[in-house]
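Protein chains in written order, with the working numbering: chain B, 1 to 862; chain S, 1001 to 1256; chain L, 2001 to 2391.
Rather than coming from a laboratory, the hints here were simulated on the basis of the structure. What you are looking at is a predicted structure, and each value in this text was computed from that prediction instead of being measured. Take the hints with a grain of salt, since some may be wrong.
[What the hints assert, rightly or not] Ranges between beta-carbon positions, derived for each pair:
id, chain 1, residue 1, chain 2, residue 2, range
1, B, 242, L, 2082, 40 to 50 Å
2, B, 410, S, 1094, 47 to 57 Å
3, B, 236, L, 2064, 50 to 60 Å
4, B, 466, S, 1199, 16 to 26 Å
5, B, 387, S, 1196, 14 to 24 Å
6, B, 410, S, 1096, 53 to 63 Å
7, B, 544, L, 2096, 29 to 39 Å
8, B, 722, L, 2096, 47 to 57 Å
9, L, 2096, B, 571, 44 to 54 Å
10, L, 2186, B, 571, 31 to 41 Å
11, L, 2050, B, 236, 52 to 62 Å
[To be verified] Beyond 12 Å from chain B on every Cβ pair, some chain S residues (computed):
id, residue
12, 1025
13, 1100
14, 1112
15, 1131
16, 1143
17, 1209
Positions of the beta carbon are idealized from the N, C-alpha and C atoms, including for glycine.
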Amino acid sequence: MTALLRLVRRLVAHRPWQPLLATLAIALGVAVVVGVDAANASASRAFDQTVDSLVGRATHRIVGGPGGVPDELLVELRVARGLDSAAPAVEGLARVVVDDARGRTVRVLGIDPFAEAPLRPWFAFAAGSDPAGGLPEIGPLLTTPGAVAVVPETATALGHTVGDRFEIEVSGVRRVVELVDTLRPRDDLARRGLQDVLVCDLATAQELLDQIGRLDRIDLELDASQATALETILPTGLRLESASADRGTLDELTRAFRQNLTALSLLSLLVGAFLVHNAMQLAVVRRRPLLGLLRALGASKRQVFAAVLIEAAVLSLLGTLAGLLLGVALAKGLLGIVGGTIRELYAAVQVDAVQVDPWTLTLAALLGIVVGIAAALAPAWEATSVQPRMAMLRSGLESRARSFAGRAAWVGAVLVIVGFALGFAAEGRGMVLAYAAVLAVLLGATLLAPTGTVALLWLARTPLTRWFGSAGSHAVRSAETGLSRTAVAVATLMLAVSATVGLGVMIQSFRSTVAHWLGTTLAADVYVSVPQSMATRLESHLDPAAIEAILAVDGIAAHSTYRRIPTDLLAPAPTRGPAEVELAAITPAPGTLAMFDFVAGDLDQIRAVLAAARDGVLVSEPLAVRLDLDVGGKLRVATDRGPHDFEVVAIFRDYASERGYGILPRERYDRLWDDPAVGSMALWAADGVDPDTLTERIRDALAAVPQEVLARSNRALRDTSLEIFDRTFAVTAVLRALCAVVAFVGVLGALASLQLERRRETAVLRAVGAVPGWIVRSVFLQNGLLGLCAGLLSIPTGIALGWLLVHVVHRHSFGWTLLDFETPPRVLLEAVLLSTSAALLAAWWPARTLSHTPVARGLREE
Amino acid sequence: MLRSMPVPSPSSAAGAASESNRSPGAALVLERVGKSYFEGDARRTILEAIDLEIAPAERVALLGRSGSGKSTLLNLAGGIDRPDAGRILVGGEDLGALDEAGVTRFRRRSVGLVFQAFHLVPVLTVAENVSLPLEFDGRLDRAGRARVHELLDRVGLADRAAEHPDHLSGGEQQRVALARALVRRPTLLLADEPTGNLDEETAESVLALLDTLAREEGTAVLMATHSIRSAAHCDRALRLDHGHLRVETLQPQNAP
Amino acid sequence: MRRALLFMALQLAAACGTSDDDRDVQRPGLQVADVLGNGDTEGYAKALEIRTFEFPADHGAHPDFRNEWWYFTGNLMTATGRRFGYHLTFFRNRLAPPDPTASDGPVSRWRTDSVWMAHFALADVDGGRTFDHERFVRGAGGLAGVTAAPFRVHCEDWHAASDGPEELFPLRLHAEGEVTFDLTLERGRDVVLQGERGLSRKSATPGNASYYYSIPRMLGRGAVTIDGERLEVSGSGWFDREWSTSALDAGQVGWDWFALQLDGDDPADPLRAVDLMWYRMRRSDGTADPASKGLLVDESGTSAALDFEDVTLTELRHWTSPESGARYPVAWRLVIPSRELDLTVEAALDDQELDLSFRYWEGAVDVSGVRNGNAVTGHGYLEMTGYVDSR
């Protein structure tokens, strides 16, 4: 065995390029997996740390509906009931104004410093007591108007020092705060959790956030019996929940987003695996004579098998190690993008540091090695079939390769069909099945690739011969006769490139669907809202003065108001995501119905619901999928009047929220909730009034209102929405680019080594009279041809992959049905260009080497 | 110089060779061995009911034109290929009774191979090449290493043990191959045109070395060659012609 | 002003958790003089001149002054003779002077510039244990505060409260922590004004003074729940009230404050007896400050101020705290020759050091001695500050 291993080591050292590129491919695959996972995990971890640092020792908390928790409850708990661990919190998002265009989103957290010590000792340092023993400064925090304190890192990030006054914007209104102190938690967790948090006194927070009389929650440290006792006395609309309920929320919120990214990162590892397969396959093919000799000298099948696997294992191990390092670096890059998307869409969490979980690394390492070894199984098996021979001719192998190509094509075709069948079956049945479908189609496609290559080569022979003469015809013939190597290379490249096609198709289909949907749903002419992050638990609302000002504007034919709130989902249990559901209360306008694209439901019933003539709720498709609800189903949610059952009357298409939401008329909402707020408004222009003019008029009217309110035309909102969409998919685009890099490296490696294998053949050709230029032409032609083959074959495969991603993976992850399926020509062209240009680049070094190698040396090569 | 005559008819031992009429402890016994290949749909018989017995330490030359089946016969004797008919025994072991792993083990221990093109592994040193069969068997212990050294000494290449084969001349490479073939003290050495790639002078010296070593080691030799000169080094010569073996009478040419 | 120092502990409110787990949190050590020498009194009202006290209004808050406290101590006993000492104090501290330019716009009910602190300690004399607790609460939103009629001062659910608007008694005290304490003070002596008709001057500097009155003896009964066992108790109480803005003079490091209740001769009316308050101010050089003062109330209820020269105070025995290393005098001889009073005051329990944000000794004491040639006994409370070396 050691002899074989030594031999393998020497062989690798002798011709390092192919193994090196296989190693690189695995490294890239592992790096993408690690990078994506670490970026995701870091975001989740950062969020949980925030939660932890804010939960502290609290075991429970009291939360309420949109109206929050009334101030009085705190007095009741602490004075009448003597619960001195009851710590209130008022929370909200704000933007620290840098200049008119820029800002930094921060969380304003109002606490009662005196109630914190038992639960969160680190807030103790709100007092900023420094070890030198100077007088602590709790006074300024309580008595300075707008006093806030931050951790030093945040002070630096904001560019402010203690004593600075600066503006923050909350729900469009600017307020001045003063940085009175820095928080210096000795606990690292708390320190990280407090990044980008403006800590202030409860009173300050209520005033800054315009939440007077209202707490967001009361944290408590309770034992089980105290909790039970407390639960019974809580007023309707308030509830007691576990303090760590927020832990993992981000995980839940972003599950689909992350699942999607993970799926795509696995795809890149799969491509890496095929590259390893390719490398090992070529190694075995190349070493057939040697393997025959070794077998003749007494090497057993098992020894040969193990030698190939161990070589693959070592390459995978090296690649994996490199990949882990690379992955951590990649994570840093991805983190910005992933963190940005999460901040934009899910939660205000500052993700600065990559936190690499040892488990992630272990898992990725195992995955890399296992996948690498698995990819070498077939070549290793093939190696054992090499008969002990005194000599071996390749022609026998090539004829077998061709007949194998034929058989493989049949198997491949069956696999593709099975894959699609699985895809259809997988709809709504689980991710595993969806992944299996993707894998089956990709494997099938690679098995079909050799036959496709033969066909394309056959097609290419005549034109190439005509245009390039003997160099052209030799390029084709040589590729055909070397099918055992070329087919594997082309299949691998095809797969790598098809991943980029699939992702491109997916993104484009998605975008197109959303664009069409926006066209339908944005039916009103002008939209008015308060600038806010989607990450807030409760949306900011329009100042009543602003609403009044808007409705006084001339030229409004109709209007509709909108209020979005999260509430507890009591039934049914969700198949994924938290037991929370968003509800939107609307005041219908004549145009409201036209804004919906109903999947199911009776129009008369829907009208009745919107007119509050009957009870019921309209649910978005993702919510229906998430809760496995159909028309007629029941949705039980917590209201300020206690639990309420809504009948699902209709399901409508929606791409705005992956968790989904329900719609009910304002009239009913007001009966069930004590929340007069309006979040946004849709306005229809009167006949003859230009929407742009109306927008201008509304802006003018709003100028007198202190709140900053956005009035946007239909078109502007649509553009903004698509912009957000593009930002959301930025990370997918990055992954696509990474896949392209893996593919490029793959093409380069496989084709370069393929050509270098032809040393002896080239030497013979030159010996019989081929000039170096002819050799160069032939090498470039063959590589270009193979690259083109791979590119062309990647188109159908990529489209199939895209279809599966769109219809199976996404439908499952997000609950979105994409109506459009687009195969953008740009994406297809890119695939062919990528593949061909990489192939041509791969020809450069071999062409140079082959045409310059002295004939005699080339001939001596075995 | 040499005349052909039929091999003593096997009919005398009717119904194929039996245990009784076989010399006990023969290095190689072929009993009515047949082998044919398909070329497309056409069946081409290479060997037809071959009988052959080689005594321990006996050296036998196998003559024949290209394509006469010399290599096939060697492959069969080496357990590399299996006969369509008949029985092959090496050192009393029936190859037909062995499975794939058994044949590999047998080949590792009982057969040494020498090829026309030397077939040394270029990335391994001379000593490593010679050690290979020992290593496959997991026997590269101190004794094994001593054996490698001893053989390299005897082929006159001890001082080049650490070099790579491509730095050696053809004759030297074949001497390394010879050492490799003998390292496991095989019962039978199979040599396929061992001097085919060598000039006459070198060929002579390689053959002389083969003679000496085989005699010293007590190894039987079956050497395929088309050179009468080479055949002359052997105890007897056989000619393979249209699938049959004939005894070739050798004119002693190495008169002192 | 004696416990004005404790207000400064408010500054540490957030620096120290109150639960046991947080005891390892680093405690900034403070020296009395540092703390009291640092306050900015600008913008607050000051105790400049003698004023007329009005009750019940003056039981309530005087928010223009920086500091104010409501202070209850006393000795209790079960029917079987098991003895307890209690200490329940409410402190109001204003963090910033009244601001006439307060912002307009809606104001949170939690908006405040006053912070309340409450200390509650129970000495289990027979058990040799002292339980101590503390609370910091904002003085807003109904979490902590005081009303005059009916009188009620509270930090969350710890409170001292009268039943009705007219009468101070019955006055109910309640606090709980590791132990629960409920006491209804049913009757008490009349209010006595300390210092010069209630103006207690601390130095020659005008305004460096407080308004100070006391109810030196109250009687009541209630219950203590300790180790899960509820024990009926009865006993006495002392109520002290003071509000001020001023700070200590430089060079003063602490004080020893006595509130002593001698047993009366008339079993029919336990309120007819002698009560004595004395505080000794200590300077950094170890000597007593001439600003030390006291008050003696005789059986008839007549009160007389005691000056520095009137009292001779001798330390008889010391106890060193194993936790803080502070060396406290725990047995004293207090002689007032002019009153023919010679008393020995000894701690009922040596270890009554309170391990709160601010470390001090506050506990029950036994009194014995001679008055007018007759043997007397009694109980009382003693507070000692400024003994902890702050490194």
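Hint by hint, here is what the structure shows:
| no. | hint | in the structure |
| --- | --- | --- |
| 1 | B/242 to L/2082: 40 to 50 Å | holds, 43 Å |
| 2 | B/410 to S/1094: 47 to 57 Å | violated, 41 Å |
| 3 | B/236 to L/2064: 50 to 60 Å | violated, 43 Å |
| 4 | B/466 to S/1199: 16 to 26 Å | violated, 49 Å |
| 5 | B/387 to S/1196: 14 to 24 Å | holds, 22 Å |
| 6 | B/410 to S/1096: 53 to 63 Å | violated, 37 Å |
| 7 | B/544 to L/2096: 29 to 39 Å | holds, 34 Å |
| 8 | B/722 to L/2096: 47 to 57 Å | holds, 52 Å |
| 9 | L/2096 to B/571: 44 to 54 Å | holds, 52 Å |
| 10 | L/2186 to B/571: 31 to 41 Å | violated, 57 Å |
| 11 | L/2050 to B/236: 52 to 62 Å | holds, 57 Å |
| 12 | 1025 | holds, 23 Å |
| 13 | 1100 | violated, 7 Å |
| 14 | 1112 | violated, 9 Å |
| 15 | 1131 | violated, 7 Å |
| 16 | 1143 | holds, 17 Å |
| 17 | 1209 | holds, 20 Å |
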